[in-house]
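Sequences listed follow chains Z and P, in order. Its first residue numbered 1, the first sequence is counted upward by one per residue in full-length UniProt numbering. Its first residue numbered 1, the second sequence is counted upward by one per residue in full-length UniProt numbering.
By construction, these hints were calculated from the structure, which means they are not laboratory data. Virtual Cβ for every residue (Gly too), placed ideally from N, Cα, C. Incorrect hints may appear among the rest.
To be verified - Derived DEER-like restraints, expressed as beta-carbon distance ranges:
1) P/L183 <-> Z/T369: 35 to 41 Å
2) Z/T332 <-> P/A150: 47 to 53 Å
3) Z/K465 <-> P/A150: 56 to 62 Å
4) Z/T369 <-> P/K345: 35 to 41 Å
5) P/L183 <-> Z/K243: 42 to 48 Å
6) P/S110 <-> Z/I430: 53 to 59 Å
7) P/L196 <-> Z/L370: 38 to 44 Å
8) P/A287 <-> Z/G72: 34 to 40 Å
9) Z/K190 <-> P/S110: 37 to 43 Å
10) P/A287 <-> Z/S15: 43 to 49 Å
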Amino acid sequence: IFVFFIISVISCIHSRTHVNYEIKGDVAVIRMNDPSVNTLSVQMQREMTEVMDEVWGNSAVQSVVLISSKPGSFIAGADLNMIQACTTAEEVTLLSQEGQKMFEKIEKSPKPIVAAINGSCLGGGLEFAIACQYRIATKSKKTVLGCPEVMLGLLPGAGGTQRLPKMLGLPSAFDMVLTGRSIRPDKAKKMGLVHQLVDTLGPGLKSPEERTIEYLEEVAVEAARGLAKKQIPLTKEKGLMQKIQDHVMSYPFVRQQIYNTVQKKVMKQTKGLYPAPLKIIECVKAGLEQGPTAGYLAESQNFGKLAMTPESKALIGLYHGQVTCKKNRFGTPEKEVKALAVLGAGLMGAGIAQVSVDKGIHTILKDTTLEGLSRGEQQVYKGLNDKTKKKSITTFERDSFLSNLTGQLDYNGFNKADMVIEAVFEDLSIKHKVLKEVEAVIPPHCIFATNTSALPIKDIAAVSKRPEKVIGMHYFSPVDKMQLLEIITTDKTSKDTTASAVAVGLKQGKVIIVVGDGPGFYTTRCLAPMLAEAVRVLQEGVDPKKLDSLTTGFGFPVGAATLADEVGIDVAAHVAEDLGKAFGSRFGGGNIEFLKSMVDKGFKGRKSGKGCYIYQPGLKRRDVNTEALEILESYKLTPNAAISSDSDIQYRLVSRFVNEAVLCLQEGILANPVEGDIGAVFGLGFPPCLGGPFRFVDSFGADKLVEKMRKFEEVFGNQFTPCQLLLDHAKDPSKKFHK
Amino acid sequence: MASMLLTSLRSSPLTSVQAAQFAARSLGTSVHLQAQAKSKKTLAKPGVKNIVLVDGVRTPFLQSGTIYADLMPHDLARAALQGLLNRTGLPKDAVDYIVYGTVIQEVKTSNVAREAALGAGFSDKTPAHTVTMACISSNQAMTTAVGLIAAGQCDAVVAGGVEFMSDVPIRHSRRMRKTMLSLNKAKTLGARLSLLGSIRLAHLAPELPAVAEFSTAETMGHSADRLAAAFGVSRLEQDEFALRSHTLAKKAQDSGLLSDVISFKVPGKDIVSKDNGIRPSTMEQMAKLKPAFIKPHGTVTAANSSFLTDGASAVLIMSEEKALAMGYKPKAYLRDFVYVSQDPKDQLLLGPTYATPKVLEKSGLTLNDIDVFEFHEAFAGQIMANLKAMESDWFAQTYMGRKTKVGAPPMEKFNSWGGSLSLGHPFAATGCRLVTTVAHRLQKEGGQYGLVAACAAGGQGHAMVIEAYPQ
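Isolated chain Z, as found in the complex (with noise of 0.2 Å):
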C-alpha cells in the first residue's frame, strides 16, 4: 500500500503541467505554471479542477492560497484560441458556462481561499481572483488588474458582469468592465477589489522577483490561516461612503437611472458600432434585476453570442496584430543604440526626444534657434511631468529621465551618435542641407532617419555618400500618445539599418510597421485620396459638423474635417500637392486651391487657431469657421444626388482609403495585410470595429465593395477604379486576407 501510494503521488505529480501543489501545515498552497503564459486553457483548467478536488477531500487542509509561479503574471487572461477554435456561439456559451461553474465552486468552497497576485491579473484571471474569498496583490509594476474583455469586443463571461458590480458598486464595476482599463494595485485596494498589498523586495539572499513571490506566498498562506481561525473577517466593514452609496444604489429607479446613463454614454461614444457594451449592460442588469440565475446565463449567451461577432473578430484581429507589430522580424541589430541625436526640437522632434528619455536612451535635441530649442525642451518636460501628476512616474524618475537629454544648437557630441532621426521642415533641399552636415560629423556606423510624411526616402538618400545607413521613420503626432511607427526603407537600406530602426521604436514604445518606400509609403498615401474627397464633400456643400459625424459615425475615432486641421491644412495641401504630382489625377477630388486659399488666410487648422474650426484655449466646444465656409463658397460644386446620401458619402470617403492599401499591397510597398490594418487602424484611426482596410474587405465583401466604387466611378472616374488585387477578391469570394 505504501508502495502504492508514492507511485501514486509521483505519477500525479508527473501527469500535471499547468498546475501543482503543496501542503503547509494546513494551507494548500496552488500553484500554476503554464510551460509558456498562465491562461485559463483547456488544460489549466482540468488540472485546476483535480486539483481542487484533492484539497477539498483532504482533511488536513483548512485553506487554501492560489498563486502563480511566473514572475510576470497571475493569470494573464482566457485562452483566446480556445475561444476562436470554436465555430458556433452555443459552443462559446459552453465553454463560458464551464468557467462559471468552475467558480461557482471556487466562490461557495468551505475552506477559504486567497488569491496571491503577482503580475497581469486580467480578464479570466481577473474572475478567478474575485471568486476567492481574499485577495492579496503585490505592488510590483507588472501588477494590473482588469477586465479587457471589451476591448476584444466580448464580455467577461466567468462571472464577472456579476459578481464586479456586487463586489465593487455599480459605478466602479461599470467603468471597470466597460473602458477595460487596467487598475494598478493601490487603485484595487482602495477600490475593495483587492484585500491586502504586498511590496515588491529588492536584492536579498535570492533574486528580487523570486523573494517577492516567495514573500507574496508566506503572507498569503498567513492570511489563510487567519481567514481559517476566523481571526481575520471574511466581509470588511463598510465605510460611511459606501454605506451611503448602497443604500442609494437599493432603489430600483437609481439603478435604472444609472443603467439609462451608461447606456446612453455608451452609444455616444462607440455611436452604437459595439456590440460588446451594451451587452455587458445587458448582462449587469439581468443579474441585479432579475437574480443569479438570470444573470449569468445573459452572460453566457451573450459572451457566445459576442464571439460570433464580426467586430470582435476584428478586434481580435488587431490584438493578434498589434503582438506581430511589438516583434523585430528583422532580427536583434548588431549595434545597439545608445546615443540618439534627433534634429529640430519642433512638436515632432521633441516627441521623438520625449519617448527616448524616458526608455534611458541618451538623446541629443539640436535645434538651429535657441527659442525653438527652449520650446522643444519645454514639450519635453511637460510630457513628463504630466506623467507624475498622473502618478504613472515619480518626480524623481522625471527629473532622471530629463538628465538624458541634452539640447543644444550645434553637432558636439554627434561623433558618438548611434542614430540621428532629423525631423526638420518638410523641404527636400534643406533635408539635403542637413544629411550632408550630419555625415560630415557622426561616426561611420551611424544610422541616418529621416522623420517625414511623404517626401520619398530614395529622394532624400539620393545625396547620401551611405544610402544603406539611411532610413525613413515616420513618428504620428503626438508622437507620445501615437502608438504607430511607419519605418520606411529603400532598395539600398541594409538589413542591419532596419533591425536598429525597428529596435529603436519597439523601445520607444512603438507598434511598428515597416513598408517600401514610394510617394506617401503607405498611411499618407492611403490618407491623401480620403482627405482629397472629403474636401470634395465640403465643396459639395456639407457642414464640416456634418462630415465629422458621418466619419465618426462610419467609426473613425475623429471626423474627417478635425483630423485635416489636426494634420494642418497646409501640410494637407502641401502633401495633396506632392501626391498629386506622383499619382495623377487619381489622387484628385477636392480642388487644392481651397486649401491652398485657406493656408493663405492663415487657416491652418489647430495648430494656428482656425481651419474648419475655430480653437480657443481653455474651450471645448469648437464653432465652424464661418470664414472657411465663405471661401468654401467660392469653390462650391453641385452634388449629384445620385451618389451623395449619407451612406454614399461614407462609402466614397472609405473606399478611396481601402483601395489604395489594396493597392499597396498589390504593389509591395506593404509586405503584409496585418501591417496593413495596423497601419491604418494605430496611425490614421481606422475604423477599429472594422479592424482595418483589409479585414473590411474580407468581412464587407470585395464584390460588394467593388459594386459601390463602380457606381462611384462612373461619376468621378479614375478615383475609385478599383485596384486589379481588389477585383481579384471581389471574383473570387474563396480569396481573403485573413484566414
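With chain Z held as given, fit chain P onto it using these hints.
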C-alpha cells in the same frame, strides 16, 4: 514612535532571571577577550600622518520630547562641546577648526557648528562649519577633520554632531509661502488685500518633515521592513536582536562602561546624566506590538527600531605629534575610512555590507583581525539583513562583484555595549558615539583593531578602522 515605545515597554521591565538567561545565551565574552595579549602590526603608513582620537564625549541621549524638549539644537551641541573641553582640559584657543554634523536643520542656526562653538566659549577666531550626510553626518565631520590634519592644514580639530528631534521645522505650504513672500513685495493696500484674498483653507495645511527618501518617497522604516523581508529576517530574530541591544546597553550603563556620557544641567530642569531610552523588555511584550510601517504583515515595530532621539556628541582629533606635545595620552588612531553608496530604494540600509570589506581591504586586514565591531543599529531588521548579506556568497557575487562572501562579524565582538536601538540614535550624533565606543572598548577589552560601520539615508554608508593607542 518614541511614545509608542514608551507606552508599550514601560510596564515591563525585564526580570533578572530572564536577563541573566539572555545574557548567557547571546552576550559577548568580554572577559576572555581581555585576557588575550595582542601583538598585531600597527597600521601606520609611511608618509601618512598618524591621526589620533584624544577623547570623545556625548550628552545623554534622550527620547525626543522628554527633558530636552524646550532646548534648541545648538544648546545640545554646546553642551557636548563644553563637555569635551572639561573632559580634556583643552585650552580653547588650541582648537584650529570645528566641524559639526546635523541632519534636520534648524533654519535659525543653519551653521549650527558656529553658533554652538561661540556659545560654548570657543575663541571667536576658531572657524566652524556644518556638514550633513544623514546618519553618518558626524562620521563625515570626523573624516573632514582627519582630512584637514592629514593635509597639514590643522593640528587640532573638534568634530561632532547634534540632532534635536523634539522640535523640527514645520513649514507653511508652498502656496502659502509664495503668497507670504509676494505680500512682502506688494506695494499698495489693494495688492495686499487681493493677495490675502487668494489664501484658501487648503493653503494653511502645514508641511511636516518625514524620515523619508526624497528620491523614492519611501519612509526609512518601510524600506527597512522590505529589506528584512528580502533577507528573510523574521520578526522573532528582530525582536531578539533588539532585546539583546537593550540588555547589553543596560548592563553597560549599570557597570559604568558608558563613560563618554557627560552630565548636563538642562536649564529649568534637573541634571541629566543617563540615556533614557534603554528599556529591556521581554520577548512576549515585544511580540504584542503591531508592525509600525507595513500593515498588517510587516515585521518592523516600535520596539525593534531605533527611536527618535535628542543628543549631541563631540570628539577631539589631533595629529599624534601635537597630542603628545600637549601632553595628551590619545585613546586611538583613526585609520582608513570609506564612504559607499548604492540604490536608495532597495539597498537603502545596506551600507555596512558594502563598506566593511572595502575598508578592510584598504587596511590590509581581514574580518578576523577585528577585535571590536560597532555598527549603527538603525533597525534590528536592518542589522540582521546586513549580517545575512555579509554571510551570503550569492549576494557577494551578484551585487558586490566579489568572489566570496564578506563574512559576518562574530556576535561576541559586536555592539557589546548596546547600540542605537537601545542607547538612542540622534542622527548626526551617532557617528562620534560609535568611534568613541570603539576606542573605549579596545581599551577595556585589550583589543587592537576596531571597525565602525553605518548606513545612512540616500543609500549611503561608511566604515572606519580604528587602532588602539598603545597602552
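Exercise for the section: Kindly indicate which numbered hints from before are broken by the structure, ordering the numbers from low to high. Expected result: The structure breaks none of the hints.
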